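Novice: Note that the protein sequences, when read in sequence, are chains A and B.
The first sequence lines up with residues 8 to 578 when you count with our numbering.
The second sequence lines up with residues 40 to 545 when you count with our numbering.
Do not take every clue at face value.
Quick list of the computed label-pair ranges, beta carbon to beta carbon [said to hold, decoys possible]:
#1 B/E141 / A/T458: 46 to 52 angstroms
#2 B/N367 / A/S313: 26 to 32 angstroms
#3 B/P48 / A/E422: 50 to 56 angstroms
Simulated from the structure, these hints should not be mistaken for lab results.
Quick caveat, the model's predicted, so the values are computed rather than measured.
For every residue, glycine included, the Cβ atom is placed at its ideal position computed from N, Cα and C.
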Amino acid sequence: MPKIDVAKKKFLSELKNITNLDDLIPLLEYAKGELDDVDNSHIRIELNDTNRPDLWSSVGLLRLLKQVQGAPKKTYDFFSTKDKQIDTKYSVVVDKALHHVRPYIASFVAKGLKIDQEVLDQLIQMQEKLGENYGQKRRGLAIGLYRLGGISFPVQYRAVDPKKTSFFPLGGEKTMNLVEILQEHPTGKKYAGLLEGLEQFPYLCDSQGETLSFPPVINSDSVGKVEIGDEELFVECTGADQEIVLLGASILATSFSDFGFTISPVSIEYPYDTPQGRKTVTPFYFQEHIDVSLAYLKKMTGKQISTEEVLEALEMFDIACTPSKDKDILRVHPPIYRNDFLHQADVVEEVIIAKGLSFFAPEIPQDFTVGRLLPGEMYARRLRDIFVGLGYQEMVFNYLGSREDFIEMCYPEEEWADIESRMLEIVNPISANYALVRMNPLGSFLRVEATSSRAVYPHMQFEIGKRAFRDDSHPEKTRTETIVGGLVCDGDADFNTIHRHMAAVLYYFSISYRLESSNDSRFLPGRAADVFVEGQHIGVYGELHPMILERWKIGQPCAYTEFTIDSLYEK
Amino acid sequence: MQDIPQLHPLEVQVLRNFPSEGAVSLDSIRENVHFSTGQINQAISRLLDRVYIEKTHTDTHRWYERTELGASLAELGSVDSQIISCIHKNAVSVTEIASFLELTASETGPALGRLVAFGAISIGKDKKLLLKDKKKADIVCSIDVFLAQDSPINDKDCSEEQRAFMQLVSKKRGASATLFRVGESEHIAYSLTTEGCEIQKVYLSASNSEEALGSLTPAMLKDGSWRGKEFRPYDVQQPPVRVLLGKRNVYADYLQEVKDQFVALGFQEFDGPLVETDFWNTDALFMPQFHSARDIHDVYAVKNPQHATEVKEPYFSNVKKTHEHGWNTGSRGWRYAFNEQVAKRLVLRSQGTVLSAKTLPNAQIPGKYFGIVRCFRHDQVDATHLSDFYQVEGIVLGEDVNLQSLLGYLKMFAEEIAGAREVRYVPAYFPFVEPGVEIHIKHPQLGWFELGGSGIFRQEVTHPLGVTVPVLAWGLGIDRMALMRLGLKDLRDLFSYDLDVVRLRR
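Hey, can you work out the whole structure from these sequences and the hints?
Specialist: Encoded structure:
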């Protein structure tokens, strides 16, 4: 979830009757936001709704909080629509070859505010949050800010040969071509993956050939370098989805306007068809209306809410709404900076939040249903009782562990490869300690023994849990089973210890079983038994091989059992 | 009898069997008293505290075990003895001896040093090796018998001269470069103090005169001889020996308790595999494939195999259409090209909601379902994050369920399961519900905290899975409640590897 930093004093001063942070918490709930961290000068706020990028800046968040407090609504007159395109002297011309590279761009010009440190911080933060979070690390949306003064229009958005195009990148040391930037520049390396497989790269320059940037990677060091004291900016968004690009520009333009900039539109000329035509003037209002029925609202909330109440609630969030004649259907027009109304349920939620959850009364459920545990849970509970009766301590283990614990410390080296091929390994482990899903609990039991040699003996542990492993016979390719494990560690623990315990367990579950001498290499040869129920191998038990105990530096003999129970109760 | 202190039966037994004169070792006490070593140690330590017995002397037992190096010379004999037999036969110098024996100077060097120090040989003119003391040389050679022997050599079985040489070729620790490793164990002998003698007499005579009985025996019951006897009173203040009992894990116990509470509220349990397709883990929950929470850094992906071969129809097609354009769900969809291969990617289940969704196709209406299931997150493990942990999740299906009934269920959970009296509802965002509501409860010590999240499943989630009635969905932070119940602060303690910590927890 995105987190934003805002200047504490200034932020609070913009709000009515909010003198301390405790007052701010309930107000933030309207934005699905919460305080994350606070220091002397800044507040960090976490915003949980990933579909509300309009809130990810101090001005964007303030816009909503002020609406809630009843402040007069802001109007933004620089938006074009399909029917009404605003005239502008600024334009961007798009190259045909971009169609299959990074086809969409939206842009505007912002003037009239001298950028100070605070504004610069907020601009950078907005660019970062929109590009990284909403724009999936710039794949879907990348934003560039430039000094307007150095740019000759029309700006050219082109697809170029990366080896033949070079410029001096921001934060770089020399003029480089685009391939060199991806290989050598730190920002270039970070985003190189976005351009994989492309023969031509996106490139932005002005009519004189002066480089603006290499989107979505890096600006030039000249016009692409915005600093404190600048007053006029050229802003652009690029990406693969036109709606995302347009929304990005709309959010930026309204926010820049809220900062105090005056916004001028930019005309975009495409040589190919786009969902919004070949010529769009941005910022552009592209959102579609959505119809909500009052009956649906009643069904969702459980409460009758009048048309007037709904209108008033939506008005609070500056959501325009026109009722139908019979007032049962409301036509809702999303605000220009939002595109999160996919379904009428999304409108219903706006009404709920505006009314406040305390407006709705918790209702005691009426439907009668029968409660029931799974057969496996019932079975496991009976098993637990038997093991506890035998004197075992129940354990609860993590299912993820290291290769060392699960394989190398439990099996002879010649079997490692085979065991590993049956286990599920994680592609992206956060640490080697949590890299594999367990196939049995032995490694965990032995880790306990290696940790607990000072605890009074005998040690008797058991666990009922899950395991998962590769199984090519299913379309899912893996299988999860319930596995029961038990381990006795004591001076006189041996095959007979676990033999009689298992006999007791199997007796009380009325399981008729067959034992065969086991070849499982984890046990001493001749001192392990495979357990078969109706011809199916369900488990193994016996006396652990001293080779394993030695690896774990365990000084007492161990008897161990593991068996699966799914097939037993499924019958 | 007033003067007799109340001793524990263990102490009495040990005291009775003590020789009135002379010292005795633990081993010989054990021969007479049939207690476990732990019990005897306990009795001895109490008798020492009472100063009825005292440690008289300690006897050190010393033995030699050959090292791997020693064992490798079992047939050839030690380098020392090889040098001596070489001097017997040939006239060799310090510089020649190594090549004579086909050894390196680093092997013969230490041996020569030892032999000279021991006095068996000396070095003469031109560095010639000379036999200095025939008797000592024989002793050096006699050690070869020990080298050939696999079992430990008792120090007492060595002659004094042998012992002197053994000291030169053995070490207690870091013995790998020497021929033998020295083992030592201490045997402590105990004897009665004057006071102990007195008490012993009292107990022996008490027993002889049968004035007070220790244990009531089956024999006494059979022949009635207990009648008219006095039973020795016990010191009830004496702490008993710790009992090791079989026990449920308190964390598992808590999870079971919560399961029972949900069943009591009319919920049926569900469960499912640890490994899911990305389809069930996220697509079915209407999280678009470009959603930031689907990043590789949030979910664990399986290395091999990477993909399932298929996902059950018609759900697969329904979900795909819903993502792309909303299908018949009343939604406009996410408007992108759904990638089928991404949907088949195998991942470790990252949220219990997956099983809520999977329950939908076969759910009864009205129906209530829940599960306490293991989930996996790509989080750095610390006091508040685990890589795998439990979540409790559930759903309620019904023609007439709605926001107000959701709030009612949440209140019920807060009161019945978390034991809370005060609750607050806060708007929340979860991609698969709309509206979304968090429930916060007030803990008497810890103040307000989030108990869980909930909402009404989006129709984009329910319709593709064949459900047309509203579905309430919720999840509670069960691990946090468990910590509070068990009085713990660190989530890692729930999955502890320390046996005594787990055994003693209550």
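Novice: Against each hint, give a clear statement of whether it holds in the structure.
Specialist: Here is what the structure says about each hint:
A hinted range of 46 to 52 angstroms for the beta carbons of B/E141 and A/T458 is consistent with their spacing of about 49 angstroms. Checked against the hint of 26 to 32 angstroms, the pair B/N367 and A/S313 passes, with Cβ atoms roughly 30 angstroms apart. In this structure, B/P48 and A/E422 meet the distance hint of 50 to 56 angstroms, their C-beta atoms being roughly 53 angstroms apart.
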